[in-house]
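Visitor: Sequence:
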Amino acid sequence: MYNLQEITAKILNTPPYQLPPVIHTGGVYQVDLKYKGISFHKVSPQLEDCMSGYFDFIVRVNDKKRFRSNDFDKVPVKMGSNIPVSYQPESIVNVIEEVTNG
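Numbers in my numbering are just positions in the sequence shown, counted from 1, shifted up by 2.
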């Protein structure tokens, strides 16, 4: 379970990039909204439960994106091509230690 600050940061970094309208009446918190045509309603005595439920809801709704073939033209490496590697493999170094008596 995340604390309220962590949940708030996650919500603000996920589309629609805004906090939900929360109503506090009678000792309970309530979130009731519609996003992308899908309704969400949550009632809880703790604000953290409402916010984490809202975060799970927006992640689930945003995850339903339908991909088209031109969406994959914008990726850094086209599908089926070799991925460029920017590092060199490490070379093996042999260390020989000389011990002299003297």
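What the hints contain is simulated information worked out from the structure, not anything from laboratory work. Hints should not be assumed to be uniformly reliable.
As the list claims (entries may be wrong) - Listed next, with one range per pair, are the computed distances between beta-carbon atoms:
no.: 1; residue 1: LYS66; residue 2: HIS26; range: 26 to 34 angstroms
no.: 2; residue 1: LYS66; residue 2: GLY29; range: 16 to 24 angstroms
no.: 3; residue 1: GLY39; residue 2: ASN5; range: 28 to 36 angstroms
C-beta atoms are modelled at their ideal positions from N, C-alpha and C, and glycine is treated no differently.
Visitor: Each hint: holds or not?
Guide: Consistency of the hints with the structure:
1. LYS66 x HIS26: 26 to 34 angstroms: Holds, at about 30 angstroms.
2. LYS66 x GLY29: 16 to 24 angstroms: violated (35 angstroms)
3. GLY39 x ASN5: 28 to 36 angstroms: Because 31 angstroms falls inside the window, the suggested range holds.
Violated hints amount to a single one, hint 2; each of the other numbered hints is respected by the structure.
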